[in-house]
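Trainee: Assemble the dimeric complex from its two separately framed chains, guided by the hints.
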Amino acid sequence: MADAVLDIADRSASKTAAVHGRRQRGVGRWLVLGVVVLGLLATLFPFFLAIINAIKTSAEYASTGPLALPRSIDLVQLQKYWDLSDFGRKLLNSAIISGCVAVFGVILSTLNAYAIGIGKVRGSRVILVLLLLGIMVPQESIVYPIYYMAKAVGIYDTQLAVIIVLTVLQSAFGTYLLSSVLGSFPREIIEAAEIDGANRWQVLWRVVIPILRPTLMVIGTFFFIWTWNEFLIPLVMLVSNNNQTVTLAMGLTRGQNLSDPVLQAAASLLGIAPTVIFFLIFQRTLTRGIVAGAVK
Amino acid sequence: MAGAIGTYAQHRRGYYLYLVPGAIGFTLIVLIPQIANFVLSFTAWKGVGTPRWIGVQNYQKLLTDDQFWGSMIHTLMFIVSMTIIPVAIGVVLASLLFDYVRDQFGERVSNLFRAGFYLPQILPITTAGVLWGWILSPVGVANIVFKAIGLGGLAQNWIGDATWALPSVSLMIVWIQVGYCLVVFMAGLSRIDPSLYEAAQLDGAGWGQRLVSITIPLLAPEIFVVTLTTLIAALKLFAPVFVLTAAGPDNATMVPSYLTYYHFFTTQRVGYGGAIAVVQMILTVALAVIFLRFQARQQATE
Chain A
1 MADAVLDIAD
11 RSASKTAAVH
21 GRRQRGVGRW
31 LVLGVVVLGL
41 LATLFPFFLA
51 IINAIKTSAE
61 YASTGPLALP
71 RSIDLVQLQK
81 YWDLSDFGRK
91 LLNSAIISGC
101 VAVFGVILST
111 LNAYAIGIGK
121 VRGSRVILVL
131 LLLGIMVPQE
141 SIVYPIYYMA
151 KAVGIYDTQL
161 AVIIVLTVLQ
171 SAFGTYLLSS
181 VLGSFPREII
191 EAAEIDGANR
201 WQVLWRVVIP
211 ILRPTLMVIG
221 TFFFIWTWNE
231 FLIPLVMLVS
241 NNNQTVTLAM
251 GLTRGQNLSD
261 PVLQAAASLL
271 GIAPTVIFFL
281 IFQRTLTRGI
291 VAGAVK
Chain B
1 MAGAIGTYAQ
11 HRRGYYLYLV
21 PGAIGFTLIV
31 LIPQIANFVL
41 SFTAWKGVGT
51 PRWIGVQNYQ
61 KLLTDDQFWG
71 SMIHTLMFIV
81 SMTIIPVAIG
91 VVLASLLFDY
101 VRDQFGERVS
111 NLFRAGFYLP
121 QILPITTAGV
131 LWGWILSPVG
141 VANIVFKAIG
151 LGGLAQNWIG
161 DATWALPSVS
171 LMIVWIQVGY
181 CLVVFMAGLS
191 RIDPSLYEAA
201 QLDGAGWGQR
211 LVSITIPLLA
221 PEIFVVTLTT
231 LIAALKLFAP
241 VFVLTAAGPD
251 NATMVPSYLT
261 YYHFFTTQRV
271 GYGGAIAVVQ
281 MILTVALAVI
291 FLRFQARQQA
301 TE
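As you go down the protein sequences, you meet chains A and B in turn. Residue numbering for the first sequence follows the working numbering, beginning at 1 and increasing consecutively. Residue numbering for the second sequence follows the working numbering, beginning at 1 and increasing consecutively.
Incorrect hints may appear among the rest.
Where chain A lies over chain B, by a calculated footprint (3+ residues, C-beta under 8 angstroms) [unchecked claim]:
#: 1; region: 57-63
#: 2; region: 78-88
Cβ-to-Cβ under 8 angstroms is the rule here; a few derived chain A residues that face chain B [as the list claims (entries may be wrong)]:
#: 3; residue: G65
#: 4; residue: L69
#: 5; residue: L111
#: 6; residue: V129
The following residues of chain B were derived to be distant from chain A, with all beta-carbon distances above 10 angstroms [stated by the list, open to error]:
#: 7; residue: G49
#: 8; residue: I54
#: 9; residue: W69
#: 10; residue: G70
#: 11; residue: M72
#: 12; residue: T126
#: 13; residue: T127
#: 14; residue: P167
#: 15; residue: S170
#: 16; residue: T267
For the record, the hints were derived by calculation from the structure and aren't laboratory data. Because the structure is a prediction, the values reported are computed rather than measured. In this text, a Cβ means the ideal position worked out from N, Cα and C, and glycines have one as well.
Just chain B, with the same shape it has in the complex (with noise of 0.2 angstroms):
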């Protein structure tokens, strides 16, 4: 390329230009926002008239709120649903698929489970919302089994019991959330090197034995993605809460995001949501700034 052009900074500067559209949308839709938000957690307002500055009130107020308190906690349930025990089951199913029904019964039996645990995953979580809302329903199929088995007593009320509410949402969300973690493990199972099984197997391993030393210590980059992704996306859980419980009964599955939801639009305490908002983000960026490093990491490593 001739020095005609100008100098390769001249050069580069030109591609600017194809930042501006994305620049403006970035801008508009996510700083603008983020920082209105953040400021908003600062003040007093109904979303109409002007806010009213009240410094760290807001936040004072969150440190005595038991429904703030309670929705932590919630959260910290969740993560049982939404990351260890999918974690648990997907590596041992990834194993068990990969390395058992694979050699056993073949690429494509082993594929087409695959698909089908997948399937949950595919689903507007609304609609799983509506599908397990009519399955646990008091009169719906679970207590019908029950009592077709002779089991009438376990029947309940799973989302209108303030006892069971969490569990019965949790249970959707690892029937959502298995595929997910299957299909990572798998995916990273491929990159490892048969004859490691092989040579195992000679040396008289079961399958127990090189899960143990095989499977989760060369899958711990996809494990730890995973987890983290997962724990992220805890943090945020809104629509299944939302479809199946509205946070009932009597707040048992409230969560941060439907608490800040609830402030938003029904309390029309902006400035109070928008904290709880604030705290669900700075939790969220710790998260992803571990993340980040982490696949920094991996990227050098590589």
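Extracted from the complex, chain A is given alone in its bound form (with noise of 0.2 angstroms):
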């Protein structure tokens, strides 16, 4: 399946707008537009909602409403935020245990896809669906032996844990995807590294990683954000204000009781942020492997 995702996004990527030279003149043109228009601007509308009410004051709020555009630009609640939430802190342990799992998955997955598709060890296929059926089934289903087993050898609340576990579970499917992909790696180029007197270590080192790159460059920008944006896991294991991530500390929130709304939209917008980031960075990573994280 690998394959044909990564193929599908490239097609669709390269895809030049072929030219078919049935351009409309009219009403009617203008008026599908229209629809579209209005659709993308009820989809940004929470999003513009956010921007123009953080950089409020509270009083410029209550007197305006939600809807006036700000009349200047005011940083008081983002900073009241960032300081109540220890936003900063919170950003730091979300890129830690990302970038751990990015790095830590990227390594599991590449060496379990060189046995399954370059050493096509037997079962390869039981293993394959054993690890699809494991990430796809609910994390619940695990969640309280894995708070247990923790607590039992003292990693609970600890970033370790949380990215033992997530390593554990994005390598599961980071395996499934690199292991399709090195299935069609060609033979010859490892049997001439073998003929040269290469050993499995090497042809994998020196060959199959370098080759690999770009590919193992994608898988790792989906484990960062996806890590960025794991919920349960973290719910469960990090307990300490310290240890939490971002997206844990937005999804606690509610209990924390803002109720000047003008600091919600500031949390919001501090939230949206890092992500917005991310993906104007990581656009064109990001869309290929859209039909790939389906599966998760």
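Mentor: Spelled out as structure tokens, the structure:
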């Protein structure tokens, strides 16, 4: 499937507008455009609301309401939520956890996929189905035993626990994707390296990984962002404020009684900002992985 | 490769070494917990001490547990906002963007639209929850807008009222899901031969006819994949409910995942929570098996 996924994305990306030469004139084309634009505006409206209100003062919000454009840019509320939630700390935690999972997840996926895709070890197909089922089943059915085990070995409420669990879960998915990529890896290249005297480890390290680098980067990016957005496992594992991630902190704001509406807008904007930045940086990469991410 | 290295079977055996770290991880984090949860679902356990074996009693209790059945019914309702509405909007929108906007206004414009509709997908769901919680609160934007345009009577306590809580959560879910459907469908459309559309247009087929007779039949595989993946996601729905309503008010938005979480960590009825998780798992695996068989068939025909 992974091939198919990457294929589809590639084709859509590389497909330049096959100019059909059937442009129409008249009211109809503008009407359709109008409908689509309206839909788009409705979709983007909540983002717009968050932005214009996060930079107001409470007094301004109270007097002009949420729909008025801000008279000036006031960062007081953003600052206030930042301090209140210790947002810098949360960002750092998210970055550490997501970064570690991305790196370790890619390593683990590569090792697995090397054995399955290139080694074609017996039982490969069973392993892949098992992995896929492992990803698809709800995390609820593993979360309590994991929580209990983490407590038993003394890593409960540490970032390490979240990193270990999410590395394994993400790499199950990475293995699935990479195995099919490696399944179609040109055999001649590997045989040539073996004839030159390279052992298995050298083939992996010096031949397969360099060729696979772009794909590994893509998968690492997915792991990073998926981990950034992960909610249940951090929710169960991380109780202390100091260890929590941005996504988790956002999920817990309901209980924090953010009575000030402008503060809520500020919280939303701070939550939106990092992912929009990722989106802009990795836009091409991400649109490729949409179908891939679907199985999760 | 010379025989000196050994038989091919021996050669392959060496690769097993590379599976060891992954196998240990998968066993510890997925396999053992999965089995443990299954076993625990036949016990009464508070999370401390020794679990007491009670056979299928947890499952028997489930049969008459209104909270559980309520959560199942809500799941069915959330399928409307997770799957049915987004797929419908997605097909129409993809077809409009691909077959109409792209032709009339160019690829860049249609790509811009696609990115815009996709934006809600990239947010952590909890952030979306904070945003919508703010919009839908009693003193939130939604009510202020209704009052401003003279429809103050429509103002509601959207997420705090048992009648409106589920539709309100659903609204946010639709907002999130449309982008996913749209992008997959547009990718699917790009493999359709444009000359099909041209021929249809020469024959005088309008956009609506092209949608029904070309787009939908040719998109069937994508529609199937999206439907199944979103169904699986609907069965696991947790974060939107946790953030917006905490399954309330009065269980009006209770879903199985939340109920499991609630029994694990609030009532401490771990065995009972485990039984709900097992039911969820069985339903998910059933859907997943359909999905895998479909994919195997797709690959065979390719």
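Trainee: Look at each hint and say if it fits the structure.
Mentor: For each hint, the structure was consulted:
no., hint, in the structure
1, 57-63, "violated (count 0)"
2, 78-88, "violated (count 0)"
3, G65, "6 angstroms, holds"
4, L69, "14 angstroms, violated"
5, L111, "5 angstroms, holds"
6, V129, "7 angstroms, holds"
7, G49, "12 angstroms, holds"
8, I54, "17 angstroms, holds"
9, W69, "18 angstroms, holds"
10, G70, "17 angstroms, holds"
11, M72, "14 angstroms, holds"
12, T126, "4 angstroms, violated"
13, T127, "3 angstroms, violated"
14, P167, "16 angstroms, holds"
15, S170, "15 angstroms, holds"
16, T267, "13 angstroms, holds"
Figure legend: structure checked against the earlier numbered hints; hints not met, in rising order: 1, 2, 4, 12, 13.
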